[in-house]
Structures are given as C-alpha cells and as structure tokens.
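Asks: Spelled out from the first residue to the last, the chains are:
There are 2 protein chains.
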Amino acid sequence: MPEFRKDPVVGRWVIVAEERGTKPYQFGEGWERESSFPCVFCPGRESCTPPEVFSIREKDTLPNERGWRVRVVPNRFPALLPCEPLHQYIDGFYERMSGFGVHEVIIETPDHYLDLVDLPLEQIEEVLRVYRERMRELGEDPRLRYCLISKNQGEKAGASLPHAHSQLIATPVIPKKVQEELKRAREFYEEEGRCLFCSLLEEERKKERLVWEEEGFMAFVPYAARFPYETWILPQRHCAFFSEIEEEEIQSLARILKIALSAIKALLHDPAFNFILHVAPYPRSSENYADYYHWHLEILPSLCKMAGFEWGTGFYINPVVPEKAAKALRQFIKDKS
Amino acid sequence: MPEFRKDPVVGRWVIVAEERGTKPYQFGEGWERESSFPCVFCPGRESCTPPEVFSIREKDTLPNERGWRVRVVPNRFPALLPCEPLHQYIDGFYERMSGFGVHEVIIETPDHYLDLVDLPLEQIEEVLRVYRERMRELGEDPRLRYCLISKNQGEKAGASLPHAHSQLIATPVIPKKVQEELKRAREFYEEEGRCLFCSLLEEERKKERLVWEEEGFMAFVPYAARFPYETWILPQRHCAFFSEIEEEEIQSLARILKIALSAIKALLHDPAFNFILHVAPYPRSSENYADYYHWHLEILPSLCKMAGFEWGTGFYINPVVPEKAAKALRQFIKDKS
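So the protein lines, in turn, are chains S and H. If you're matching positions, the first sequence starts at 13 in my numbering and goes up one per residue. If you're matching positions, the second sequence starts at 13 in my numbering and goes up one per residue.
Among the clues, some could well be false.
It does not matter which identical chain is meant; a pair holds if it fits inside one copy or across any two.
[Unchecked claim] Once the Cα atoms are required to be at most 20 Å apart in a straight line, the calculated EDC-like pairs of lysine to aspartate or glutamate come out as:
| # | residue 1 | residue 2 |
| --- | --- | --- |
| 1 | 188 | 199 |
| 2 | 339 | 31 |
| 3 | 339 | 214 |
| 4 | 336 | 30 |
Hints in this document: simulated from the structure, not taken from any laboratory. Owing to the predicted nature of the structure, the values given are computational and were not obtained by experimental measurement.
This is chain S alone, in the form it adopts within the complex (with noise of 0.2 Å):
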C-alpha cells in the first residue's frame, strides 16, 4: 500500500507507491498518437478504467458506458487510496503517514486525437466546470486538507498518455509548496493590508509582461518566470477558492486559457507543458485563507530540464527573458485576431 515518508533534513513528504511501478508508458520511440489507438480513455473502452466516479453525459446514457463529453475515473495506477484509513506513525527516528488520498484523472474529452487546447469553447468550459465539481465534492470530505488539479501534456511533461487528460489528487496534509505561497501571501496582506496577487494583477496590467486580457482575467509572464514563456493566468475578482468560481468566470476563463496555450502551442512548436491550479487549501481552520489567497492557474512550458544546479539550489536559469516571451506571445495573438 502506498505511504507518505517525511524527509527528516527538509520535511518534504514523499509519496512512496510501489503500484505506480508496473505503470504502462506508452512512450518511447513509438510515441504517437497512433500507436496507442484506442486507448483505455477512449469511449467504447469504460470498462478498461475503474468505475466513474463523475461524468458529464448525453441524456439517457448509462455511467461506464459511451455518451459522456468529460469523465472521471480513480487512477488505475494510484499514488494514494480513499480505502486507506488515515494513520501517522513515529517510524524510529522517522515519520510517516499511511496512503490516504484521492487520485483521479479527468479525461477531457471522447476524442482521442484533440488536445485540450483544440478542443471548442464550450467543452473547455466543460472541463473547467468538472474541475469546480470535482473540488467541491471532495472538500466534503474532513479528512482531505488539499485539492490540486494539474495537467502534464507530453512525455517530457510526464503524461504516460497521450489521450488528452487532467490528474487531480487529494491530500490530507498541505503540501510543501502550497504552504510557502500561503505564507508569503499572509504576510504581504499583514504588512500592506490587501492581497499580493491583486497587487501583481495591478502591476502588470500596466507591464510589458502582460500576455492578454479577457473580461474577468489576466495572463502574463511573471516577473520572476523560471521557464521561457511560462504563463500565469489570474481573476480579477479576489478568490480563493476555485470551487467558488461563477459561470461567467467559467466561460472568460476557457477563452483565455485557450488563446494563450494555443499561442504557447503555435510559438513553441507544440511543447510538452504542465498546468497547475493554484488554489487555497480546504478551509478546515482558523485560518483565514479567503483574505488574502488568491487563486490562479500557471502554464509551465517543458522547455528546461533541471540539472544540478536547480536539484541543489531551488534556484532557475531562464534563457528568455520574461518581457521578449511575453511580447511574442502578445504580438502572435494580436496577430491572430
């Protein structure tokens, strides 16, 4: 069964999963669409994943069976099960943590030769919309601390398929990462009494950084990008939950993301990208995440490998400058439109 093992030098969990091993990648030399048609995210094939845990389907279609436009099944190769029940242990010296936890994949639609970014406005808001479901539902569960929904699109992003799909997994301790953005985020709201991310939304309508605005959201390079053209996407409404986003919201959200992974798509030559909802964690405290968190949505293009230096520092060297990849962005979209 899977667990969690705290690293006693930095306090980073890691999930230790022996299941994943046998983890089929249809990578490699063959590595195209093609070579792994029909695969087991296509409809006709249901019963090749677990059971679905949520659809959205034609009228008078049965679960598990075709008719659905977006589908969410458990991983078949999971990191962490909702059977295990939640227990930590003092390991000798060492802590861990039984395998408690949520993860599932959202296939983003029934056609296996579209990616996300070429699918039609109204199923990206489809997605978006199952994204804000899933998030929601899972949050009734107590013991779940943190939601995250992210995308790996291409072998060197990690996705070991090539059907177009999203990884949601949920975890009953705030990861690492989250907990660092949340206390800067505090901070900058104690000292300066507003959020920081409305603050950089202020900064960079105004910058050269800026990609595109859309009626409700940003997206531009930030400041700091450790990757050429990598993106972030913001609302401009304050909220820190992306289970509160609104219907309109929705549809705002689907054209932006869109236009600028098409944009990253046509520059680039199609790269392999992440994306990750950055998203408040379940307010299960005290804590007052709704002042000053602020959701977002960050496109991570896999242009760089980490070596050494990034292993050994937590520091980035990012060949293109932030300002030129935002220019080229903005101008192939103007271009475009």
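Using the hints, position chain H against chain S.
Replies: Only chain H this time, still in chain S's reference frame:
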C-alpha cells in the same frame, strides 16, 4: 547581462541569462559520443574554451595546452559573471540583483570516452581534490556566499555535452534549498544537542537502507527518497565544509563514489543522473554552521519526470521502495566484490 530576479510570491530567485539561450546542445537524435568527437573539452582543443582558471597537469606543460589531467574553465555560456558589480535594485514592485557570480566547468578527464565512474580511482581523487581547491579559492572572495558543485550526466539530467565534466556555480546569495536544510539542521541541533546528519548515520548503519560502508563514509538510500535508487553519501566525521576534507577522506570518498555509481550504472542500465555536493555556506556571519551542518553528496538518478503534481506540491512520488532499492544495490556490490 544576466540578472537575478526574485519571485514575489515564494521568494524564489531566478537567473535570467539570455546568453545561455544560444548554448549548443549536442543532443537529440544523434546523441552519441561519436557525434561530438573531438569536442571542445578534448585535449588539443583548449583554445575552444575560455582560458583555464585551474588545472592539474603534467610537469613542464603550459596552461591552455595539452598535458592536463583535470581542467577548470569558465562556462562559455555563463549564467553568472564574475565581472558584474554586485548591485541590488528595487524594480517597482519587484526585486532584482545583478548577475554577479562564478560559473565554471570542471573537465574530469582528457578522455572523451570515459564517464567519471569508469576513471581509475587516482583520477577520481584528482577530480575531488579539484572540487576542494576551487571551493577554497572562491571562498576568498567575500562577495560570494555559496559554492555549489554538481554533476549532470546524460541528456535527461540536463547535460549538454557528453565529455565527462562537473559544474561549479558560486552565488552572492544563499540558495533557498540550502537555507531550508540549514534551518532544519539548526533546529534539530538546538533541540537535540547533536548534529542531524550524525544521527542519520547512526540510524542508517543498522538499517535496511544501507548500501555500502567504506572507511569514513557511508552510502545509503534515504528514508524518504524522492527518486528510485536515490543514494546519499555521508562522511562519518562531522564537518560542515567539503573544503576541509582530508587527504585520506578523499581516497575513501573516491572509492565509495565509484562503488555507488558503478552499481547504479549496472543495475539501471547506465541512467542519466545528477549528483549534488551539499555543503555549508561560506562562513561570513556569526552563524555557526560548523556546529550543526554536515556536508554530503546526493546522487539522483533521472528515472522519473517532474509532473504537475511535483510542481504544484513539492511532494514526490517514488515507485521504488527505498529498502528494496538499497537491497538491490547492496546485493550487486557484494556479488561484485
């Protein structure tokens, strides 16, 4: 010119170094040693690199000519420059710093066809002596706070040239990851009155994660290994600074490093890997690193990719149980010896 930029959300420094965008990658489909021989690191091509800053060479041979056994040159595509004056700026809402620092390459052998692990012990010792010398010498510059030596072997680990080499980067700030380690180590020392790493050595000696012991050194798979077959090498003698390593320790370290890397190479079919020398910062303040820090070397085989989950959480998913990885390495070494 390169510059440091600070991310306002998590306080992470990024080096924006446009010059590195033009770096030639000798990889891709033709990534084989032959495709790049003779390379810029080969004997006879000394003029293809910036002039050497240090070398170990045969008597009566001249700098920047043949006859060297280990050669240190400034990186041709530096992320940081020693000629930059050290300045910090407030950039409106943001913070940046001039790209002052040192970025060198340590060419480990004149032989284009040998990996570090394949070198004779005497040559590995020479490389380790060069690490020590460079760390010592750069410590004389009071503007430098930290010196990181690491090795990227293979394309997946971020290497851009196949000829065996290590990287040195010295920075005017103490890196984030180093600060995290120092913080925990100091807390542990204050609470327990002893060194965290000395305690780890005690714990791992008796445990099933031990890989190998040599006079004065121990190699083990850490309890919360991030990656399959991650291996740490620690000196038995408590010491914060690699620059204080003694002659007989150099010999032991060369042996255990060769043993560990040979086992990883054979068992995992010559994987790409990084290793990182974790040392205390240069002692510039009243902070007493010598008490609570303990230098060590971390070997990270590049068998998994960073995906959205790792980027978003800072957690890792390791599909190989550390005890099993250690057992396989230990068994392999025993069978060979």
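Asks: Look at each hint and say if it fits the structure.
Replies: For each hint, the structure was consulted:
For the identical chains of this complex, residue 188 and residue 199 are neighbours both inside a copy (17 Å) and across copies (18 Å), given an alpha-carbon limit of 20 Å. In this homomeric assembly, residue 339 and residue 31 come within 20 Å of each other (Cα to Cα) only across copies, at 19 Å, whereas the closest approach inside a single copy is 45 Å. Taking identical chains as interchangeable, the C-alpha atoms of residue 339 and residue 214 lie at most 20 Å apart only when both belong to the same chain, with a minimum of 18 Å there against 55 Å between chains. Proximity of residue 336 to residue 30 under the C-alpha cut-off of 20 Å is restricted to the inter-copy arrangement: shortest distance 10 Å between copies versus 43 Å within a copy.
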